[in-house]
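For this one, chain U is given, so just place chain D on it according to the hints.
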Amino acid sequence: MRALASLFCGFMFGWGLFISGMIRPDKVLGFLDVLAIPSGNWDPSLAVVMAAALAVTGVGYALARRRTPLFESQNQWPTQTAIDRPLIAGSVLFGVGWGLVGLCPGPALENLATLSPGVIIFVIAMAVGMIAFHLWEVRSAAPAGRLWRPRPRPPRTAKARI
Amino acid sequence: MANFTPISAAIGGALIGLSAVLLMRLNGRIAGITGIFAGLIEPQSTEWAWRATFIVGLVAAPLSAALIGYTVPVPQMPPSLAIITAAGLLVGFGTRLSNGCTSGHGICGSARLSPRSITATGIFMVAAMIVVALTRHVVGG
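Residue numbers (this note's numbering), protein chains in the order written: chain U, 5 to 166; chain D, 6 to 146.
Quick partial rundown of chain U residues pointing at chain D, CB under 8 Å, derived from the structure: (1) R6; (2) M16; (3) Q80; (4) V100; (5) C108.
Hints listed in this document are in silico derivations from the structure and should not be mistaken for laboratory results. Keep in mind it's a predicted model, so treat the numbers as computed, not measured. Think of the CB as a built atom: it goes at the ideal place given N, C-alpha and C, for glycine as much as any other residue.
One chain only, chain U, in its complex shape (with noise of 0.2 Å):
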């Protein structure tokens, strides 16, 4: 059940993204484009998508916090409060790359079903991007006096589950 749950939001936030044009590249950018808010050419749209999916999260996650999910024994809320370097630097490098070619983790997924060679390539290196950082996460683990640490992860035990 929680698999298919999961196709079914996955597919509605597929269509949002669809709909509101934010699958294209050339749309994102059109926002991105600050400059061109003097000629008159800035795409304001994404602020609108923002603005709307936030509104709806907002309520949607105030009421959801008091009750427990339908498939789950409970809600797993994000846990990191910190503002460090990861978060700023991540932050950086990530705008960077989405300024670059219009293209953030989601649309880029999604745009795999158009075949376009070119996304196919971005989402070869997005991952290659993703798996370096978790090697480098796990080679800097452990010393101690770091800015930051990795995530904790669950021990894992051989007879966890009967």
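Chain D in isolation, oriented as in the chain U frame:
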């Protein structure tokens, strides 16, 4: 603002929000694409099934749109393979380092009024705007 499409943007945005709320109400999970996708491809990944079906649903959306008669535009990508590759690497590494992208920080985290997510969103928006300003108005002319 000839390209501004406020109505479809509002409808699409509401659908994205609804999807995020549903995923929390049904599965108790945050609809962050970076986390969902990274959990699929990194070793030691857990909860493979629901992550995979979410991505399948995401890709199925434009296919179903094409089936019922919508035109799914071919994405306009830069001609340079080097730029596409560099951008992909930056997006992949950066979103993992900061633990979220436009969906995780931009929508889910910001909707919870998380200062961490709002900071991340502000930074990646400004960084992307600077890059677009440089590539379109300084370098590209």
